[in-house]
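Engineer: Next come the chains, spelled out residue by residue.
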Amino acid sequence: MTRRVLWAIPVLIVGSFLMFAALHMTTDPVAAARHNNVTPDALIRFKHDLGVDRPLLVQYWTAVSNFFRGNWGTSFTSQGPVWPQLRTALANTLVLGIVAGVFYVTIGVIFGMISAVKQYSWFDHATTGLSFIGLSLPPFVFGLLLILLVGAFYEKTFHSSTPLLPFVGGVYSPTTHGFNLWDRARHLILPVLVLSVQEIAIYSRYMRTGMLETINSDYIRTARAKGISERRVISHHIFRNALIPLTTFTAIDFGALAGGLIITEQIFGYQGMGLYFIDRYSNADYPALIPWIMIVIIFVVVFNVLADLSYAWLDPRIRLD
Amino acid sequence: MAIDAETLEEQPEPAAGDAVLEIRNLEVTFKTEDGMVSAVRGLDLDVRADEVLGIVGESGSGKSVSMLAVLGLLPPTATITGSAKFRGLELIGRKQKELQPIRGAKIAMIFQDPLTALNPVHRVGVQIIEAIKAHNPDMSNRDAYNRALELLELVGIPRPRVRIDQYPHEYSGGMRQRAMIAMMMANDPDVLIADEPTTALDVTIQAQILELVKNVQERTHTAVVFITHDLGVIARIADRVQVMYAGRTAEVGDVETLFSGSKHPYTRGLLSSLPALAGRTGKLQPIAGAPPSMLHPPPGCAFHPRCPMAQVLCTQEQPPLRAIGAPQQLSACHFADQVPDTRPGT
Amino acid sequence: MTDLQDLAVTTGAPGLPGGDVSSSESLGLEAKPLSPSRLAWRRFRRHKLAMLSSVILILITVLCVFAPLFTKYGPNQLIRVNGVKFALQHPQHGHWFGTNERANDMWSNVLYGGRVSLAVGITVALASTAFGTVVGVLAGYYGGWLDDVLMRITDLFLAIPFLIALILLTDLPASQPWAQTIIGPSHSVRSIIFIIAILFWMPVARILRGLVLSLKEKEFVEAARAAGASNARIMLRHLVPNCTGQIIINTTLAVAAAIVTEAALSFLGKGVDIFTPTWGNLLGNNQGFLESNPALVLAPGFAIVITVVCVNFIGDGLRDAFDPKQLSV
Chain B
1 MTRRVLWAIP VLIVGSFLMF AALHMTTDPV AAARHNNVTP DALIRFKHDL
51 GVDRPLLVQY WTAVSNFFRG NWGTSFTSQG PVWPQLRTAL ANTLVLGIVA
101 GVFYVTIGVI FGMISAVKQY SWFDHATTGL SFIGLSLPPF VFGLLLILLV
151 GAFYEKTFHS STPLLPFVGG VYSPTTHGFN LWDRARHLIL PVLVLSVQEI
201 AIYSRYMRTG MLETINSDYI RTARAKGISE RRVISHHIFR NALIPLTTFT
251 AIDFGALAGG LIITEQIFGY QGMGLYFIDR YSNADYPALI PWIMIVIIFV
301 VVFNVLADLS YAWLDPRIRL D
Chain D
1 MAIDAETLEE QPEPAAGDAV LEIRNLEVTF KTEDGMVSAV RGLDLDVRAD
51 EVLGIVGESG SGKSVSMLAV LGLLPPTATI TGSAKFRGLE LIGRKQKELQ
101 PIRGAKIAMI FQDPLTALNP VHRVGVQIIE AIKAHNPDMS NRDAYNRALE
151 LLELVGIPRP RVRIDQYPHE YSGGMRQRAM IAMMMANDPD VLIADEPTTA
201 LDVTIQAQIL ELVKNVQERT HTAVVFITHD LGVIARIADR VQVMYAGRTA
251 EVGDVETLFS GSKHPYTRGL LSSLPALAGR TGKLQPIAGA PPSMLHPPPG
301 CAFHPRCPMA QVLCTQEQPP LRAIGAPQQL SACHFADQVP DTRPGT
Chain G
1 MTDLQDLAVT TGAPGLPGGD VSSSESLGLE AKPLSPSRLA WRRFRRHKLA
51 MLSSVILILI TVLCVFAPLF TKYGPNQLIR VNGVKFALQH PQHGHWFGTN
101 ERANDMWSNV LYGGRVSLAV GITVALASTA FGTVVGVLAG YYGGWLDDVL
151 MRITDLFLAI PFLIALILLT DLPASQPWAQ TIIGPSHSVR SIIFIIAILF
201 WMPVARILRG LVLSLKEKEF VEAARAAGAS NARIMLRHLV PNCTGQIIIN
251 TTLAVAAAIV TEAALSFLGK GVDIFTPTWG NLLGNNQGFL ESNPALVLAP
301 GFAIVITVVC VNFIGDGLRD AFDPKQLSV
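Heads up: the protein sequence lines correspond to chains B, D and G, in order.
According to this note's numbering, the first sequence holds residues 1 to 321 in order.
According to this note's numbering, the second sequence holds residues 1 to 346 in order.
According to this note's numbering, the third sequence holds residues 1 to 329 in order.
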């Protein structure tokens with residue numbers, strides 16, 4: 001177990017280096033300067049100032065040490081400090097991800113539980129059938145369908161001049177200034193739904209399988225043979241044991257959050273980490289992108305460690321040493 | 001009549017020799033993809049107070065299924081008909097909730113594989129206390145804890161104060177089965193069903209567990225139903241034996257009677273395939289053929305395709321269980337009186 | 001050991017199965033033997049939705065592969081009516097899904113787009129499953145440092161954000177000549193297949209490793225080894241055939257996932273170049289006309305969803321058919 005936790009460090013280093021290298025290979029920060037017909041001398045000086053003329057490993061080392069010292073530099077795109085914009089993007093993504101996550105994990109787990117406890121009931125059949133459709137609905141298709149529904153379809157049917165729910169403009173309506181919970185929440189509904197449809201399907205199926213595996217195990221028969229109430233059998237034995245793999249699964253899922261909502265953000269123009277990356281990437285904005293890469297990989301790695309730890313904590317057969 | 005604590009108390013205390021559990025014409029059918037599988041096909045069985053009843057049979061003969069059916073522990077794919085009365089109280093057709101005061105308190109059951117039969121994520125002590133408190137909801141935690149310690153001591157687990165807080169994976173196989181017995185004896189049940197409790201264990205440990213079950217039985221006078229496919233085990237522990245074949249009873253009798261004067265060719269076959277007994281005649285004769293498919297059981301006597309004595313009648317008519325030979329002996333064979341006499345020397 | 005114990009060991013069935021009692025095989029009561037593949041086919045046939053899905057999927061495949069038989073227009077063919085560009089038309093006779101802004105027929109675009117999407121899906125699934133199988137079998141069979149190294153690499157690939165890695169890789173051939181030699185020009189179908197496959201093999205590797213770990217302790221492997229079979233022979237003739245069920249299931253599900261991934265990349269403008277129709281491209285290119293000409297978006301959208309639903313149901317049918325729990329008679 002300790003080995004698995006320690007393994008996080010090389011994954012962090014190699015993973016971030018690979019992304020750093022790929023970024024360098026696919027983008028050219030002096031492209032704009034090149035187009036402006038700068039003299040070769042000026043170009044060399046420009047490259048030197050940026051530090052992109054040094055070996056890749058040296059650049060990576062400088063970038064990482066600057067990141068950890070909090071020395072994040074100035075964005076090429078905005079000409080301002082990196083952190084405020086990155087913080088906004090991260091906060092937006094986390095709000096969306098956590099609201100959606102709580103929503104879909106709760107619904108998925110409840111549906112999966114009922115399905116398993118009432119196996120082969122109409123509810124189980126319906127959930128299973130719907131989950132297959134949910135699994136097969138990519139967010140970009142479902143998102144466009146939703147937009148059509150709350151937009152054109154709603155406006156035509158109810159002779160309204162505004163859509164039922166906002167789907168452009170990202171986090172707030174353009175008319176909103178400062179914090180406005182109502183407006184914020186309305187802008188979250190569609191992205192949360194788009195993120196949730198597949199995840200509810202995944203979680204309910206995962207939970208159902210886990211519960212069924214547990215339900216059919218010998219120790220559940222033992223628990224029943226002891227004469228304890230069915231409620232207690234479900235809560236203390238079936239649910240408790242089925243929760244172990246689910247917790248791990250959820251932790252890993254949340255780890256992928258920081259870098260993973262690109263499609264949804266793209267559909268709704270939601271200013272999160274995904275759009276942040278795509279915007280800066282097209283400008284080869286290294287100072288803005290390096291902290292992004294580090295934060296995203298740290299998220300993944302930390303939540304993987306948490307997944308392992310929670311596994312050991314929930315299952316006494318696994319020991320930390 | 002609904003089952004609650006009161007009606008249970010009203011039941012008369014069983015005297016030795018009275019039947020505590022009476023099973024009549026029990027049938028268990030599983031709905032499967034391939035059709036209906038009859039696992040138990042009209043079983044009659046009596047468990048008497050303060051006795052050890054051995055049930056012998058091959059895999060799929062319905063011995064475990066019938067006991068699980070009595071306790072309502074079969075999956076919903078099973079259809080159960082017939083009757084099973086515990087001290088006069090019908091158990092078949094009860095809701096799960098109605099069976100809870102019976103399970104663990106009046107009829108308890110231990111299982112084959114002690115590794116998978118204990119919940120790996122709860123401490124052994126917690127699992128025993130759970131069994132105690134299920135039937136004594138008002139007992140304080142401290143008392144329940146002490147009772148659990150007492151039980152662990154009873155089943156011979158050393159250093160119970162340490163062991164009580166350990167998890168099942170920290171126990172050895174034999175210890176787990178001991179803990180299982182402790183858990184199921186927690187409420188002094190009238191019947192303890194032991195479903196092949198030694199099969200998954202090493203031979204030396206098997207002997208210890210057998211000894212323990214015998215010991216516990218003698219101390220508590222609980223009736224024990226010991227399910228096994230091993231006649232050697234039966235010889236060591238049982239007072240009476242019921243031999244099952246293809247979901248029905250083949251033969252019933254006292255253990256001595258069956259070993260020396262069996263009136264059923266199947267029991268005979270089992271005996272002559274037992275090395276310790278066959279050794280005396282020098283021949284080890286396994287029963288020819290394989291156990292029947294319960295999807296399409298053979299017509300007539302289910303044993304006829306493998307029976308050396310089979311006649312035309314056996315392929316047509318199911319033989320009834322009837323008294324023959326020694327007192328208390330019953331055999332379901334058309335030609336029970338023609339089963340050759342006991343081998344010399346046994 | 002008595003005869004009875006022998007029987008109990010060979011049938012492997014205790015008095016009552018701990019788990020699924022819904023199959024007579026698991027009860028140990030089924031007498032007549034059937035070959036595993038016949039058994040699997042029998043179970044698959046019983047899965048009605050999987051059978052229906054197979055029929056629909058075959059239909060879709062035929063429509064796409066033989067597209068010229070079902071449409072008279074090429075995907076990029078400019079349609080003029082009375083000399084006027086026939087652009088952004090609603091669905092009508094002759095143009096079932098309408099026409100797009102470049103005055104191309106949408107029905108023919110969906111059919112031709114399906115060719116690319118299905119090809120990407122199937123190729124990626126085959127390539128990634130093959131690679132994942134090799135990694136998983138090697139890691140599981142040899143264990144030790146090789147297992148460590150291979151599994152750590154797998155972990156690493158799983159730690160990198162999937163879509164971002166795809167986006168970076170799609171741009172790689174444009175700026176790096178060596179990458180272009182290996183995987184083809186940026187945004188070519190070949191490069192997209194390559195790139196998705198590179199990021200698709202990890203789950204298969206993990207599953208296969210787990211399977212091989214448990215299989216290699218089985219008697220038949222011991223027996224093969226005792227008979228002097230080489231490592232390569234044991235892996236190819238004994239281990240891989242015993243994983244066929246899992247391999248087939250994973251390939252199937254990977255087809256669906258790869259089709260969706262290609263579409264997602266195209267949706268982000270990072271997929272196959274926009275003049276080659278794929279379902280993802282059609283969806284991405286036309287999303288601006290969602291409210292005015294919904295058919296342009298709905299047609300490729302439903303093509304993706306229907307295909308993926310079918311593939312997923314078939315995967316479920318295959319899982320039922322090959323479920324190792326039901327096979328352990």
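Calculated directly from the structure, the hints in this document are not laboratory data.
Please note: incorrect hints may appear among the correct ones.
[To be verified] Covered stretches of chain B (in silico footprint by chain D; criterion: 3 or more residues with CB under 8 Å from a CB of chain D, positions within the stretch not fixed):
1. 21-29
2. 238-249
3. 282-291
4. 307-318
[Stated by the list, open to error] To list a few chain G residues with every Cβ distance to chain B over 10 Å, as calculated:
5. Ile-58
6. Gly-74
7. Lys-85
8. Arg-152
9. Ala-159
10. Phe-162
11. Phe-267
12. Ile-274
13. Gln-287
14. Phe-302
Even for Gly, the Cβ is constructed at its ideal location relative to N, Cα and C.
Engineer: Hint by hint, note whether the structure agrees.
Structural biologist: Hint check:
{"no.": "1", "hint": "21-29", "in the structure": "violated (count 0)"}
{"no.": "2", "hint": "238-249", "in the structure": "holds (count 3)"}
{"no.": "3", "hint": "282-291", "in the structure": "violated (count 0)"}
{"no.": "4", "hint": "307-318", "in the structure": "holds (count 4)"}
{"no.": "5", "hint": "Ile-58", "in the structure": "holds (18 Å)"}
{"no.": "6", "hint": "Gly-74", "in the structure": "holds (26 Å)"}
{"no.": "7", "hint": "Lys-85", "in the structure": "holds (25 Å)"}
{"no.": "8", "hint": "Arg-152", "in the structure": "violated (7 Å)"}
{"no.": "9", "hint": "Ala-159", "in the structure": "violated (5 Å)"}
{"no.": "10", "hint": "Phe-162", "in the structure": "violated (7 Å)"}
{"no.": "11", "hint": "Phe-267", "in the structure": "violated (5 Å)"}
{"no.": "12", "hint": "Ile-274", "in the structure": "holds (16 Å)"}
{"no.": "13", "hint": "Gln-287", "in the structure": "violated (6 Å)"}
{"no.": "14", "hint": "Phe-302", "in the structure": "violated (8 Å)"}
Going down the numbered hints, you'll see the structure goes against 1, 3, 8, 9, 10, 11, 13 and 14, while the others check out.
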